[in-house]
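Peer 1: Start from chain A and add chain B according to the hints.
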Amino acid sequence: MNTPPTSRPAEESFAVRKATRPAWDVLSERALEILIYLCGISAIVFVLGIFFFVFKEALPILGNSHFSLTQFLFSDQWYPTSELNKRYGVFAMIAGTFSVTALAMLIAVPFGLGAAIYISEFCGGRTKETLKVVIELLAAIPSVVWGFIGLTVMSRLIVNYTGAPVGVNILNGGIILALMSVPIIVSIGEDALKAVPDSYREAGLALGATRWQLVRRVLLPAAKTGLLAAVLLGVGRGVGETMAVLMATGHAVHIPHGIFDSVRTLTANIAAELGEAPANSDHYRVLFLTGVLLFALTFIVNLAADLVVRGIRRR
Amino acid sequence: MMFAITPHVRRKQRHETIAKWVFFGMAASMIVPLVLIIGYLVERAWPSLSLGFLIDVPARGMKEGGVWPALVGTIYLVVLSLAVSAPVGVLAAVYLNEYARDNWFNRIINLAVINLAGVPSIVHALFGLGAFVYAARFGYSIISASLTLAIMTLPVIIASTREALASVPRTFREACWNVGATRWQTIKAVVLPNSISGILTGIILQVSRAAGETAPIMFTGAVFFKAVQKGDFFPYRLHEQCMALSMHLYTLSTQVPGVKESVPFATAVLLLGAVILVNATAIILRGYLRARKKW
Chain A
1 MNTPPTSRPA
11 EESFAVRKAT
21 RPAWDVLSER
31 ALEILIYLCG
41 ISAIVFVLGI
51 FFFVFKEALP
61 ILGNSHFSLT
71 QFLFSDQWYP
81 TSELNKRYGV
91 FAMIAGTFSV
101 TALAMLIAVP
111 FGLGAAIYIS
121 EFCGGRTKET
131 LKVVIELLAA
141 IPSVVWGFIG
151 LTVMSRLIVN
161 YTGAPVGVNI
171 LNGGIILALM
181 SVPIIVSIGE
191 DALKAVPDSY
201 REAGLALGAT
211 RWQLVRRVLL
221 PAAKTGLLAA
231 VLLGVGRGVG
241 ETMAVLMATG
251 HAVHIPHGIF
261 DSVRTLTANI
271 AAELGEAPAN
281 SDHYRVLFLT
291 GVLLFALTFI
301 VNLAADLVVR
311 GIRRR
Chain B
1 MMFAITPHVR
11 RKQRHETIAK
21 WVFFGMAASM
31 IVPLVLIIGY
41 LVERAWPSLS
51 LGFLIDVPAR
61 GMKEGGVWPA
71 LVGTIYLVVL
81 SLAVSAPVGV
91 LAAVYLNEYA
101 RDNWFNRIIN
111 LAVINLAGVP
121 SIVHALFGLG
131 AFVYAARFGY
141 SIISASLTLA
151 IMTLPVIIAS
161 TREALASVPR
171 TFREACWNVG
181 ATRWQTIKAV
191 VLPNSISGIL
201 TGIILQVSRA
211 AGETAPIMFT
221 GAVFFKAVQK
231 GDFFPYRLHE
241 QCMALSMHLY
251 TLSTQVPGVK
261 ESVPFATAVL
271 LLGAVILVNA
281 TAIILRGYLR
291 ARKKW
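Those protein sequences? They're chains A and B, same order as listed.
When you number the first sequence by this note's numbering, it's gap-free, plus one each residue, and the end is 315.
When you number the second sequence by this note's numbering, it's gap-free, plus one each residue, and the end is 295.
Isolated chain A, as found in the complex:
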C-alpha cells in the first residue's frame, strides 16, 4: 500500500482544501438565500398590503360628516344611490351572512363530522382512499359552478317541493354553502381523528368496546378541539364565500324572517355593487369599508382556528 508523501501534516492539507470554493459561488449562494428570505416574508407583506390598500380606500369615509360608524354597523337601511337620502347601513347584510352561514353549518357540521368519522373509523383500504379522493374533488368545484347549480337546479327543486314563491333564498344558499364547506370539515376533521394515538383505540378495543362506543366515549372527547377547528374553518369559508351566495340567495336587502326569504350577504353586496359604484365616491368607499369588516371577521375566525390547532399540537 502506498503512503502519501508526508512533507506536511495531514491537518494542514485539509485546511488548505477547505477554502477552495470560488468566490462567485459563495456570493451567488448568499444572493439566493436573500431572495429566499424575501419570498419567506412575502406572506406578511401581502397580508399587511391587503389590509393597507383596502383600508386606505375606505378611510376617507370615516372622516365624512354624513357618515357614522354606528349607523353603518347597526342600521338596516341601505340606499347607496338615493338622490336625497343616502343611507349606508349594512346590518341587513350582516344578518344575511349570519343566517346563511348558520343554516349551512347546521347542515354541514353533523354531516361533515359524520362523514369524517365514517372515513376515519368505519371503513378501510380502498373505500377510504376512494372517499378521500372524492372529497378532494368536491373541494375543487369552483364557487361560480356552485352558484350556477343553486340558480338552476336547487332553486327549481325548492320551488317544486316547498312551494316557496322564489327559489333563490336562505335555504338555497345554505344548502349550497353546506355542500361547499363539507369537504373542508371532512378533511380537517379526519386529520383531527387521525391525530388521536392508536393506543387509545387499542385500549378501547381490548376492553371489548365496539367501534361506535370507541367513537363516542374515546375519540370524540380526545379529538374535540381538532373537530372544533374543522368547524371554525368551515365557518370562515361560509362567511367569505362570494359567488355562490351571490347567485343562490337572491338579492333582497332586508332582515330575513324565515328560511324562504331572499337575503344579501356582505360579500355578495360588494360583488353586486362594486361595478356600479364610481371610483372614490362615498358608495365605493363604503364597499371597501365592508371589505375591512369582512377581513376582520375572517381574521378572527381563522386566528381562533389556528390557536385551537396549535393547542392540540402542543399537547
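Careful, some of the hints might be misleading.
Dumping the calculated DSS-like pairs for lysine-lysine here, alpha-carbon to alpha-carbon at most 25 Å [stated by the list, open to error]: (1) K132(A) - K293(B); (2) K226(B) - K188(B); (3) K20(B) - K224(A); (4) K128(A) - K188(B); (5) K128(A) - K20(B); (6) K188(B) - K63(B); (7) K132(A) - K224(A); (8) K224(A) - K226(B).
Keep in mind that the hints were calculated from the coordinates and are not lab data.
Peer 2: Chain B alone, transformed into the frame defined by chain A:
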C-alpha cells in the same frame, strides 16, 4: 361457555350496526346528490357540447356560439398567475421549512400564511382593485387580474410545498451536511429532488383553483365580452382586459337575457370538467409517485 352472546352484547352490536350505517349515510348523502346534479348538468348541456363549442366565438350577443375567447382568457390568467405565485411560493416554503428557526418572527409569518389563505376572495378583489388597478396604475388588465389571482393562490402553494419538503427525512439532510455541503447545496441536491413530485402536485391543484375563481378577477381585469377572431390563439395583450370562463358563466346565467338554454349549462360543464380533469391528474400523479417512494 365463556363468550356467550348476552343481551347486552347483542344490543352493543346492534348499536354498532346502526352507527355504521348512519355514518355511511352521512358520507353518502354529501356525495350522491352531487353526482346526480352533475349528471343533470351534463344532460342539459348535451345539445351544445361539441368541439365547435370550444373553438367558436360567442354569437348573437352571447346568446349562442362558443366560448373560445373565455377559454383563452382563462389560460392567460392561470399561466401568468402561477408564473408569479409558484416560484415565490416554493421559495417561501423553502425559507419556512429549511431556514426559519422557531422564533416569534417566523411564527408571525406562519400566522400570515394561514390568514392569507382565509381572506375572502372578494377582499382579494378589493385589494387588487386598490393596489394593482389604481395604485400601481396597471389599469383593468390581465396583469392586474393575474397578480390578484397569484396572491390568492400563494398561501396554498406555500402550504403544500412545505408539506412536501417536510416529508423528506431529516437524515437525508444530515448525511449531506456531513460531507460538507452548505444549506443551499443540500436543498438543491437532496431536498428539492426528493420532494419535487409533491411540490408539482400542489401547484397543479392551484391551476384548477385559479381557473375557477371569479370574484378576484371580476373587478381587476375580466370583462363581459371582448370581440375575438375565431381561431386566434393570442388575442389579448397583457395590458388589456380579457374574458374568462368563470366570469363568462356568471354573465351568461345572470346578466344576459334569452340565452340559448344549453349554452350556460355547457359552460358550467366545461369549467367543471376542466377542473376535475386537472385535479384527477394531480391526484393520480401523487398516488403514482407516492407508490414509488422508497422510504
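Peer 1: For each hint, tell me whether it holds in the structure or not.
Peer 2: Comparing the hints with the structure gives:
| no. | hint | in the structure |
| --- | --- | --- |
| 1 | K132(A) - K293(B) | 21 Å, holds |
| 2 | K226(B) - K188(B) | 45 Å, violated |
| 3 | K20(B) - K224(A) | 20 Å, holds |
| 4 | K128(A) - K188(B) | 36 Å, violated |
| 5 | K128(A) - K20(B) | 14 Å, holds |
| 6 | K188(B) - K63(B) | 53 Å, violated |
| 7 | K132(A) - K224(A) | 21 Å, holds |
| 8 | K224(A) - K226(B) | 52 Å, violated |
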